[in-house]
Amino acid sequence: MFIDRFFRCQPLGLNYRNFVIREQSPAGLLQRVRDKNSFKRIMREHGVATPETYELIHDFLDMSLVGAFPKEFVLKPNRGSGGKGIILFERQGDAFVNPAGDRYKLKAVERHIRRILDGDFSGHIACDLAIIEERVYPSEKLRFKDALGMPDIRIFCFHFEPVMAMLRYPTRKSKGRSNLTAGGVGIGLELSRGTPTYIHAKWAAGEPRPETIGIPESFAMPKWEEMKETARTCSRLSGLALTGVDIILDAAEQVRVLEVNGRPGLEIQNINEDSLLKRFNHILEQ
Amino acid sequence: MFKRTLWGIAVVFIVVVLLWLGLSWVAQVLRQPGILGSYERVILHTPSGGFELTATVDTGADLTSIDRELALSLGLAPEPGVTRRIITEIGVVERQAVRLRFQLDGREITSEATLADRTAFTNRMLVGKADLSGFVVDSSRQFLTRPADAGTFYFVDPGALLGTSRLGRIIIMLPVLASIVVLLRLLAGIRTYGVFAPTIIAITLMDLGVLPGAAIYLFTVVAGMATKVLILNRLRLPRIAEFALVMSVLVALLSAVTALSGFISIQTAFFPLIVTTHLVEQTSRSVEEHTFSEALLLLGSTIAVALLLAGAGSLLLGQSLAVLWTAFAGSIVATLVAGNYLGLRLSEFIRFKFLRRTHVH
Numbered sequence: 023m024f025i026d027r028f029f030r031c032q033p034l035g036l037n038y039r040n041f042v043i044r045e046q047s048p049a050g051l052l053q054r055v056r057d058k059n060s061f062k063r064i065m066r067e068h069g070v071a072t073p074e075t076y077e078l079i080h081d082f083l084d085m086s087l088v089g090a091f092p093k094e095f096v097l098k099p100n101r102g103s104g105g106k107g108i109i110l111f112e113r114q115g116d117a118f119v120n121p122a123g124d125r126y127k128l129k130a131v132e133r134h135i136r137r138i139l140d141g142d143f144s145g146h147i148a149c150d151l152a153i154i155e156e157r158v159y160p161s162e163k164l165r166f167k168d169a170l171g172m173p174d175i176r177i178f179c180f181h182f183e184p185v186m187a188m189l190r191y192p193t194r195k196s197k198g199r200s201n202l203t204a205g206g207v208g209i210g211l212e213l214s215r216g217t218p219t220y221i222h223a224k225w226a227a228g229e230p231r232p233e234t235i236g237i238p239e240s241f242a243m244p245k246w247e248e249m250k251e252t253a254r255t256c257s258r259l260s261g262l263a264l265t266g267v268d269i270i271l272d273a274a275e276q277v278r279v280l281e282v283n284g285r286p287g288l289e290i291q292n293i294n295e296d297s298l299l300k301r302f303n304h305i306l307e308q
Numbered sequence: 062m063f064k065r066t067l068w069g070i071a072v073v074f075i076v077v078v079l080l081w082l083g084l085s086w087v088a089q090v091l092r093q094p095g096i097l098g099s100y101e102r103v104i105l106h107t108p109s110g111g112f113e114l115t116a117t118v119d120t121g122a123d124l125t126s127i128d129r130e131l132a133l134s135l136g137l138a139p140e141p142g143v144t145r146r147i148i149t150e151i152g153v154v155e156r157q158a159v160r161l162r163f164q165l166d167g168r169e170i171t172s173e174a175t176l177a178d179r180t181a182f183t184n185r186m187l188v189g190k191a192d193l194s195g196f197v198v199d200s201s202r203q204f205l206t207r208p209a210d211a212g213t214f215y216f217v218d219p220g221a222l223l224g225t226s227r228l229g230r231i232i233i234m235l236p237v238l239a240s241i242v243v244l245l246r247l248l249a250g251i252r253t254y255g256v257f258a259p260t261i262i263a264i265t266l267m268d269l270g271v272l273p274g275a276a277i278y279l280f281t282v283v284a285g286m287a288t289k290v291l292i293l294n295r296l297r298l299p300r301i302a303e304f305a306l307v308m309s310v311l312v313a314l315l316s317a318v319t320a321l322s323g324f325i326s327i328q329t330a331f332f333p334l335i336v337t338t339h340l341v342e343q344t345s346r347s348v349e350e351h352t353f354s355e356a357l358l359l360l361g362s363t364i365a366v367a368l369l370l371a372g373a374g375s376l377l378l379g380q381s382l383a384v385l386w387t388a389f390a391g392s393i394v395a396t397l398v399a400g401n402y403l404g405l406r407l408s409e410f411i412r413f414k415f416l417r418r419t420h421v422h
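Chains A and B are the protein sequences, given in the same order. In case it helps, this note's numbering puts the first sequence at residues 23 to 308. In case it helps, this note's numbering puts the second sequence at residues 62 to 422.
Isolated chain A (complex conformation) (with noise of 0.2 angstroms):
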């Protein structure tokens, strides 16, 4: 159709990206995705390694459990979006500290679960589950000077094929979230050979740019094909038109799936410098 040529160079835009998702993306498989717990229930049934889940709470009656949590976990509400409500804790004796030093009482972990159960950082519903699941730590590879923090790794795909792919780190901004609306630092990935794209596009001198996180030039995403294979794998599961699938790698090197975003983000275009919808049109002429 004549409006798909005209817009053919162009990057995606929200319009677009929003009339895909209408169209091809329906509303029960976008909440299937949504509800992280269970979708994640199906990604491991299909052999797709993610973050163990210790413990679901449903009510406040499950508070009890609190107590009895394991040493180190992370709190995260079952239907946040943009990594919203996640802390990172780390059992001190009496006290519970995230990764930026600050010490929670047991009350405020009570607290922050309520806060979750009582849907704040879940969008428009009125309640929530809260999910404690297993800290993963990065492996060495992704480790840099500058970089604090757990990186992943968003491959955006379409049709059930990956198009486009970045690295995130969180930042100090950021809260030690890797989400680029919280101010995470992306990097773009070469799809095919998992390399860096900034090197290759040449940025103008004196523009501001993130940080480098001091990331060498010579740098090759490890276990890369296993992972586009995942996202693969991870958006069949999904039946999801567009989907953002965010991998992380663990210190072990295994390859393990985060969660599966419906509604991915468009920002990847400028980390990528390059057009999504340019990319959507190899995928649908092949």
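Hints are not guaranteed to be accurate.
[Unchecked claim] Each computed BS3-like pair below joins lysine-lysine, with the alpha-carbon atoms no more than 30 angstroms apart:
#1 A:300 with B:414
#2 A:93 with A:129
#3 B:64 with A:300
Quick caveat, the hints were computed from the structure, so don't treat them as lab data. This structure is a prediction, so every number in the text was calculated from the model and none was measured.
Mind docking chain B on chain A? Use the hints.
Frame of chain A; chain B shown alone:
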């Protein structure tokens, strides 16, 4: 996509016609005979048959009057030598008279009407006091009757039914303003806290006047945010509890201001109160989701869009009903077209900076 737009328009058209039918039926059922609006349809009996036209009902005039040209063209000849003395604002004038028979609200009325040049007036006929005995006139409404008391189904004029009062006009304008918010979002990429907040703010600004309205909003928003940040954040309550408490604190503050100054009355602050509570909740939610500056930016753009809407609204409010309904229909079409626009929003040309680079691979 074009096909879907056409379908959309067709569906809207059918819905409008159905609503119109329903409205006409309701009007039929609720009709009170004997009550006239300021404009009514009448049927003139002329030598060549019945002629239907709109007449102004004017209890300030003694005699019924009709446009000379029209009367002559309908074959209603003035009685030779018969004149009536009419007192007008320019003095006493002598006017020729004509015998007239017409139907109004199913009644047959025989009258003597004066001939005048009415080309400058909205309606070419005016029904005066002499012919209004037995009727009650509600000057705030229009087209309450039908001329002949036939059993046929009668379509009411929806514009006349709604648009005569200021409130009616504002109601017609609501979806127009809402669609402006939608256009700004889909085409320009200007984000606001929903469609509801800027529209309601605009309506209140129009009603209270821009300056007093802005003062009330400034007060409620600052007070609401201060309550949230200084008091409620420390209490660490669930969000729904905070929502109710923001409202309580605002009501208490507004009553205090009312009692002290009388500048704001608690009634005028009703909508600002609701909208502000909504805004405070949205803003605090978005502070969590994004960054503080982004949340403030959204708040700012919501208020800027509301000001724009208030301007557009006051402009529309002064227009004729025909313009208002044209804007109404136009806003439906514009929303359907914008909803099918799949290209970049204006703001995205700025967001995707790499577009401006020359070496994009």
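Are residue 64 (chain B) and residue 300 (chain A) close enough, with their CA atoms no more than 30 angstroms apart?
OK: residue 64 (chain B) and residue 300 (chain A) at ~25 angstroms, within 30 angstroms.
Between residue 300 (chain A) and residue 414 (chain B), does the CA-CA distance stay at or below 30 angstroms?
holds (16 angstroms)
Are residue 93 (chain A) and residue 129 (chain A) close enough, with their CA atoms no more than 30 angstroms apart?
holds (17 angstroms)
Against the hints set out earlier in the document, no violation occurs for any number.
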